[in-house]
Every structure is written in C-alpha cells, then in structure tokens.
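Asker: What follows is each chain in one-letter form.
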Amino acid sequence: MYSAATVDHALALRFAGGAGPGAVSGEAGDAVCGDAVRIELRVADGRIDAARHRTFACPHGTAAAELACRLAEGRDLLGAATIGSSRLEAELAPSAGNRGCVALAADALHEALAAALGTAELPPAEGRVAVAMSGGVDSAVALLKAVEAGLEPVGVTLRLWIDPGAPDGERACCSPRSVRAARDACHALGVPHFGLDLREQFRRDVVDDFLSGFRAGLTPNPCVRCNGGFRFAALAEFADRVGAPRLATGHYARVRRRHGRTLLVRGADPAKDQSYMLASVPSAILERCWFPLGEQTKAQTRAEAGTAGLAAAGRPESQDVCFVGGGDHRAFLERHGGAGPPGEIVDAGGRTLGRHAGVHRFTPGQRRGIGVAAREPLYVLEVQAGRGRVVVGPRAGLERRTVTVTPGRLLAPAARVQAKLRYRTEPVWATVRPGGEGFTLDLDEPVAGVAPGQTAVLYDDDAVVGAGVIAPEEAG
Amino acid sequence: MSVYLDHAATTPLGPEARAAMEPYLSERFGNASEPHAYGRAARAALEAARATLAELLEAEPGQVILTSGGSEADNQAVFGLAGSAPGRIVVSAVEHPAVREPARELERRGFEVAWAPVDGDGVIDVEAFERLVRPGDRLAAAMWANNVTGAVQPVERLAAVAAEAGVPFHCDAVQAAASFPVGLRSSGAATLALSAHKLGGPKGVGCLVAREPGRIPPLVWGGGQERGLRSGTENIPGAVGFAAALAATRAAEDRRAAMRDRLEAALAGDIAVVSAGAERLPGHLLALVTGIRAELLVLALDREGYAVAAGSACAAGDAEPSHVLVAQGMSARDARSVVRVSLGPGTTEADVDGFAAAFRGCLGRLREGGLAEAV
Chain S
1 MYSAATVDHA LALRFAGGAG PGAVSGEAGD AVCGDAVRIE LRVADGRIDA
51 ARHRTFACPH GTAAAELACR LAEGRDLLGA ATIGSSRLEA ELAPSAGNRG
101 CVALAADALH EALAAALGTA ELPPAEGRVA VAMSGGVDSA VALLKAVEAG
151 LEPVGVTLRL WIDPGAPDGE RACCSPRSVR AARDACHALG VPHFGLDLRE
201 QFRRDVVDDF LSGFRAGLTP NPCVRCNGGF RFAALAEFAD RVGAPRLATG
251 HYARVRRRHG RTLLVRGADP AKDQSYMLAS VPSAILERCW FPLGEQTKAQ
301 TRAEAGTAGL AAAGRPESQD VCFVGGGDHR AFLERHGGAG PPGEIVDAGG
351 RTLGRHAGVH RFTPGQRRGI GVAAREPLYV LEVQAGRGRV VVGPRAGLER
401 RTVTVTPGRL LAPAARVQAK LRYRTEPVWA TVRPGGEGFT LDLDEPVAGV
451 APGQTAVLYD DDAVVGAGVI APEEAG
Chain R
477 MSVYLDHAAT TPLGPEARAA MEPYLSERFG NASEPHAYGR AARAALEAAR
527 ATLAELLEAE PGQVILTSGG SEADNQAVFG LAGSAPGRIV VSAVEHPAVR
577 EPARELERRG FEVAWAPVDG DGVIDVEAFE RLVRPGDRLA AAMWANNVTG
627 AVQPVERLAA VAAEAGVPFH CDAVQAAASF PVGLRSSGAA TLALSAHKLG
677 GPKGVGCLVA REPGRIPPLV WGGGQERGLR SGTENIPGAV GFAAALAATR
727 AAEDRRAAMR DRLEAALAGD IAVVSAGAER LPGHLLALVT GIRAELLVLA
777 LDREGYAVAA GSACAAGDAE PSHVLVAQGM SARDARSVVR VSLGPGTTEA
827 DVDGFAAAFR GCLGRLREGG LAEAV
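Top to bottom, those sequences are chains S and R. One point on numbering: in the numbering used here, the residue at position 217 of the first sequence is 217, and numbering is uninterrupted. To convert, take the position in the second sequence, counting from 1, and add 476; that gives the numbering used here.
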C-alpha cells in the first residue's frame, strides 16, 4: 500500500518532464519489474537550477523521483549529493519490499550528479577532503575520522569494471551494491557522496594490461598498477573538481616527510600493511593523501565501527584483483583473451618433458598443474611466452640472487634496502645498484619464485624508497 | 463515497442477500448439527440454500460442497482430483492464483504440469489443449472467464476434450457466475468453483460443485460437516446469502454490456481494449494506456472519486508482471499499463459518462507530466 505522502508526490508531478537544453542526466532501471527513472539536472555555477524526471515506475518510484527532484532543485551539487535513499524513505515511508523502488530514484539522481560534476569545478575549500569509499568497513571508519576531525568530507566511489561472468562479483568493492552501501555510509553521517563510473577506462587501462601481461608470460599485479596509475589519479582529479585540497582512503599505510621528500610508510598494523599496494602512487598525489587508519590495527577499526554503529561493520572484506570477482584468474584470462600460446614443457637443458595448454597458466615457483611425472618435485622456473615454452626443474633452479627491476623508480637515496618481491611475502635484504630505466637488486640470500611482471618494493626501515616491475631474466 | 467500478474484485452485498441473511445473523443463530429448535432452523435454512444453489447450478444438492470461498473450492478440486502420488496435470496459462498456485505446489511435489497456452486475446487454444490433454492425466483445469481480461473461455469444448481423454475437468467459474448462468451438467465439468462475494453475496462463502463428490477428499478435517467433505460449523448466513444473491443475479436485468460499450466508445482513442477480439464478460473492460503506469492512474482516479483496479499491480516481493497478460503476448511494460474497469448491475449512464471524463482528465495530466517518454 501507499503512504499519503507517496500518493501526494506521485500525483503532484510538478517536477516531471525535461530540464531543458544543456541538462545532464542519470538513469536507473530494474530489469525484473521494468521500472525506469531518468533524472535531468540543469546546473550553473555549481548550483542546480532545474531538476526534472521522466519516470515509468510504480507510485513508490514515481513519488521518489518527484521528491528527489524537489529536494535537489535549488541546491548546490554538494548539498544535492547528501540526498539519498534514507532521506527519501524518511518522507515516503515505503514498506521493506518497496525500498528498491525508492532506491531507483536515488540511483538516477546520483548518476546525474556525477555527470554534473564532470562539467563543474567547485572553488577550493580549506577543510574539504575527498574520501574514497568502497562500501567496506575501512573506508567507513576513515570517513568517520574525517568527520570527527572537523573536516568537510566528500565521499566518492569509483565504479570499476567487473567481469560479467564472475561468480562473486557483488563482493567486489566496485559492484553496484557496494556503491549503494558506500553512498548510504556517507549519507548516514550527512556527508555528500558521488559515484563515478570509470568502468570503460578501468577496463582499458588496468584489465587490458593484466591480460597482455599474462599473454607475454609475465605475472602482473593489477592492484599495484590500479592504485599507482589509475585509482589515485581518478581520486585526485575528483578532489580537484570538488575543491578538496586533500584526499583520504581507508588504506593501512602512512605518509611521512623526510628530508624534504614525501614518503609512503608501512601501516602500524603489520598484518594489514598495504604500503606494497600503494608503492607506485606518485609523490605529487601522495603529498595530498591522508590515511586515517595508518596508525591503528584492523581490530581497532572493527571495534570503532561497532561502537559508532556503522552499517559497514559487518560487511565482508573485499578481495584482491577485484575485477575477477572471486573467480579463478586462469578461467578469467581464457574468457577475456588473456590466454597465452600452448607449447612444450622443457627442462633447463631444453629437453622436452611434455606439453601445456597455455603459458598464462604458469608462474615461476608454481608446483601444481605441471602434469609431468618426475622423481623429484618439479617447479616452474621460467615462462618463455615468445617460444610458448615453460621451463621446469628442481627447486634449486628457482633460486635467484640478482633481480632486475625495470621500469623502476628510486624515491630516496638508499643502498641497503629490504626488498619485497611479491605481495604477502617477507622482504629480503638487498643492495641496490641503479642503472638503466630502473635498478638491480643483489639479494643477500637466494630467493625462489621471483616472477617477472610482479612489483618489487624497496623499504628503508618502514619507508618505501623504491618500486618497479621485475623484468624477465634475459633482460638482466 | 466514490463511484465503485471494481466489481471484478468484489461486489457490495445485494438487498436480497442482506434480507435473507438478516435472521441468521440475529435470532436464528443455531448450530446446524444440533437437534434442538435452533439447530433445526439452521439446518433447514442451510439445506434450502443448498437446494437453491443446486438448482441454479444444474446439480443435485448432494453435489454442492459449501466452502469458505472460491479459493478453497479451487484448492480442494485441484489437490483432490490430482491425488497424492505424482502424476500429470494440464492447467491453462491464465488461471487465477487459486488454481495456478496449487498447480505450482503440485509441481514442487513432483507432478508434471502442462501449461495450456492462450491466443493473443487471452483465449485458451482448444487445439493446443487437445494436444496436451492425455489419457491418464489426473485433471485438466481452465477458468470460465478470466479475472484480468474478462475473456470468456470455450469451456464446453475444453470439457469435451477432457472427457474424450477420460480426464476430469475443473472449471473456476468464480468470475463468470456473476455475469451469466453457469451449470455443472451443461458445462461437462467434473467440478466447478464459485464465490458469493463476486455476485452480490457475502464474503467468506463459496462452493465446490462436484459431479462425484466422493472423489474429492476434504482439505479441512474435523466434525464431518458437508458429508465429511468440509468440516467446520456451517456458515448459515453465508449459505443463505449466497443462494439469495445467485438467484437475484439470474433474475436481474443486465445492462452492463451496454454500459461497457458506452464507456469504450467514450474512451476510444485514449485506450486500447485488451482482449478486444474475445467474447468478454459484459461489465469488464481492461484498458491499455501505453506509457502510463496503471497504479498512478488508479490513484489519480481515486482522487477524482472513481474506484478501479490496476490490471497488474506490482506487489511488494512480486515484481513479475501479470502472468495472464504475458501469456497472451503483452510486453512486460505494457502489462504495467492496464487499468481494469468492471461495472456492476447498478452502474448508470451518469457513472459511465462521469468516469470517462475523469479518466481522460487524469490520463491527460499524467501524459502532460511528461512521465514516460524517453525512458
């Protein structure tokens, strides 16, 4: 049934129609019930002069679209971005089963707001901070800390490309459900929120690179590339648009100034430290970054979320390589043209031991799935994509004492470092020799399973002083 | 109060039914199972009502099982004829939920259900029905007239098809009985379901008319009323009101078809008539208003003082559009844009003319609102 307010708004239709030439728009629809809401905004000087909707929806959805336009018209973009499902529900009082109808209008409004922001640039405001919201507990607590610090946060969620065939796409941090959760987390604290649709760009810049890397026999780390080259660049651009000098995320890392340089430093919680993932964020962006969780542990974060009653307190952790959506990355590669050539499995002497279905299925150090019987366990030593060959041998053959990193950047002078050669492995002591487009690492002790394409991150004490991509051995 | 044009949903209690019921709501309140004067008076009234119903429905009194309404009668027929060991049944694609959901439940219990298709006007395809019904099927079910479109089904031919295969035929006559005589013998059905409140009777009473009542096991067990086929203290005022209402319906002059035609003429150009090619119930109009959500038009008309129904409302938790309209080939979006107007025996020219004007006014305001275009 319909509340009196729902009937009033659904039949008022004072805001139905188009917003005129030059308007931006956003649409949302429900594939099952066929409802659709389109909201148009005409924006001048960061203020919404006209908000209109065209709706084919039940009275709940129609009333929500009407109300969303009524609330948005006359407000500036940041004010309008605080309007969400909870505000609409408060007035329309839909039953639980009809909240989805109301959310359609909120979705359409926010898509239109994102489009409006794309054409606007708000004047800078000193205390304003752009907070990256994933819908998870970490970013929700980071936002809470920004509010408690008396800053003026503006939430943003990047909607990235997710494999449509993924088994568990909804758990990824950029799924539509996560975008709604992030928006709700902001609105619960009265904070404006924008969702930016970067699916195409992400697919082009990050996913294609991941696919071509595997085709070439490398083992790329898309998360490092995403953070360093894509995500933080998008966040910085967003911060500029909303006039925020600073940006914040819920990563477990810290920023320190040392000798006039801005360096990334490990998070205080050794179990959650995410500095490896952020190692290639450019220093110009790093200077603007604030990581409110850098000084605390994940357990503290969860406790704070619980105390504050944040809805995100119980959400599951998002995953690495989010766009694979919980699936097997080999199946993902094969679905999306990341499969490398099939060919022979050979030993270090070039003797053929068997055949394999594609070089993308192998990474140095791998033991399973080789499919060749031998007296001692065989490991992948090297992937030679050009020749379609996978070289295998006993574990001793995996060990390397020298690693070439190119391209690589040294961020501060350092001769002796601890080098982390893969995510979730212990760093090893190394001596750095700069040269060429990067540097070479002489490892104090041999390391097994160094994979070309992975990121090497150099630490001086807790600070990141260098990072780059591990090159194939021939280049070294 | 507003003008009521939603008689397919329910009807007001007619004066004949009300008058007949009155004593049984007050001084004659007895339990028909008791031998004293109160009980005997109740028993006499019950059996008189049953006799009236039987006569009007071309059946013997012993073939009339009084129930709590149409849904119970449909349930008892479908579950009763199907039996408990899994088998095969044939059911039309446009049945009321009171038949459709029991069939789906049987499907979950391991039965095979063949859904008989309809044509573009929502009329069951007799040839397809003939191909689907096979000897050994537990039952075949089709409604006499559809509650959404008003389309009248070729019941006698469908019953003949079933009879040819030796399959019992159940017919939901709930919607049809308010508009024309329905009867057990002439229909050829094994079972008929009716409801009182659709034809000027009280809510909470209906009946299952069965050629062989002994083949239909009870849904409700207890004191053995209705010859053990439907336990529970008999609803005497309900039965009396039901019989009086059905008799009054048969006797009344019916101007609904003329009123409906007048309405359709007044709205020509504003609407498309759904199932226009079918024989339809006389007071029934399902109007397609492309691009406008029916629920909004219903709310707007309610403000103007007219009560009509959305043909396919989107209920919470049931986002699928009407299975009836989709079965006859309507798009999911159009199925959200149908308004059901169902006239009653008392609907007047003034009602129809006033409604048509209000309808056009509301439709115009919604269309001018620029709601639907371009989405």
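A portion of the hints provided could be inaccurate.
[To be verified] Taking CB as the label site, the calculated pair distances span:
#, chain 1, residue 1, chain 2, residue 2, range
1, S, ARG87, R, ARG691, 56 to 62 Å
2, S, GLY118, R, PRO488, 27 to 33 Å
3, S, ARG204, R, ARG779, 48 to 54 Å
4, S, ALA93, R, SER707, 41 to 47 Å
5, R, GLU583, S, VAL32, 18 to 24 Å
6, S, VAL32, R, GLU688, 29 to 35 Å
7, R, ARG585, S, THR425, 26 to 32 Å
8, R, ARG610, S, ALA93, 29 to 35 Å
9, S, VAL32, R, GLU632, 35 to 41 Å
10, R, ALA639, S, VAL32, 50 to 56 Å
11, R, ARG691, S, PRO164, 51 to 57 Å
12, S, ASP49, R, LYS679, 52 to 58 Å
[Claimed, not checked] Non-contacting residues of chain R with respect to chain S, defined by C-beta distances greater than 10 Å in every case (computed):
#, residue
13, THR486
14, PHE587
15, SER662
16, SER707
17, ALA734
18, ARG769
19, GLU771
20, LEU772
[To be verified] Covered stretches of chain S, as calculated for chain R (at least 3 residues, CB under 8 Å):
#, stretch
21, 381-392
22, 452-464
Calculated from the structure, these hints are not laboratory results. Note that the structure is a prediction, hence the values are computed from the model and not measured. Yeah, the Cβ is synthetic: ideal placement off N, Cα and C, and Gly gets one too.
Asker: Now tell me if each hint is right for this structure.
Answerer: Each hint, compared with the structure:
The hint said 56 to 62 Å for the Cβ distance between S/ARG87 and R/ARG691, and at roughly 60 Å that hint holds. For S/GLY118 paired with R/PRO488, a C-beta distance near 58 Å fails the hint of 27 to 33 Å. Checked against the hint of 48 to 54 Å, the C-beta distance between S/ARG204 and R/ARG779 comes to roughly 52 Å, which is consistent with it. For S/ALA93 and R/SER707, the Cβ-Cβ distance of about 43 Å falls inside the hinted range of 41 to 47 Å, so the restraint holds.
In this structure the supplied range 18 to 24 Å holds for R/GLU583 paired with S/VAL32, their Cβ-Cβ distance being about 21 Å. In this structure the hint that S/VAL32 and R/GLU688 lie 29 to 35 Å apart at CB is violated, the actual value being about 43 Å. With their beta carbons about 56 Å apart, R/ARG585 and S/THR425 fall outside the hinted range of 26 to 32 Å. For R/ARG610 and S/ALA93, the hinted distance range of 29 to 35 Å is not satisfied, since their beta carbons lie about 52 Å from each other.
Distance hint check: the CB atoms of S/VAL32 and R/GLU632 are about 39 Å apart, consistent with the given range 35 to 41 Å. For the pair R/ALA639 and S/VAL32, the beta carbons lie near 41 Å from each other, so the given range of 50 to 56 Å is not met. Take R/ARG691 and S/PRO164: their Cβ atoms lie about 53 Å apart, and the range 51 to 57 Å holds. For the hinted restraint 52 to 58 Å between S/ASP49 and R/LYS679, the CB-CB distance of approximately 54 Å keeps it satisfied.
Separation of R/THR486 from chain S is adequate, the least Cβ-Cβ distance of about 17 Å exceeding the 10 Å criterion. Residue-level check passed: R/PHE587 sits 27 Å from the nearest beta carbon of chain S, beyond 10 Å. R/SER662, annotated as away from the interface, keeps every beta carbon of chain S farther than 10 Å; the closest lies near 42 Å. With a least CB separation of 35 Å from chain S, R/SER707 remains clear of the 10 Å interface cut-off, as annotated.
The Cβ of R/ALA734 sits about 32 Å from the closest Cβ of chain S, beyond the 10 Å cut-off, so the non-interface label holds. Look at R/ARG769: its CB is around 6 Å from the nearest CB on chain S, not clear of 10 Å, so calling it non-interface is violated. Residue placement check: R/GLU771 does not keep its beta carbon more than 10 Å from all beta carbons of chain S (closest about 5 Å). Not every beta carbon of chain S lies more than 10 Å from that of R/LEU772, the smallest distance being close to 6 Å; the non-interface claim is violated.
Under the rule that three or more residues need a Cβ within less than 8 Å of chain R, the assignment of the stretch 381-392 of chain S is violated, with 0 such residues. Closer than 8 Å: that is the beta-carbon criterion, and the stretch 452-464 of chain S has 0 residues meeting it against chain R, so the requirement of 3 is violated.
Hint compliance for this structure: hints 2, 6, 7, 8, 10, 18, 19, 20, 21 and 22 are broken, all remaining hints hold.
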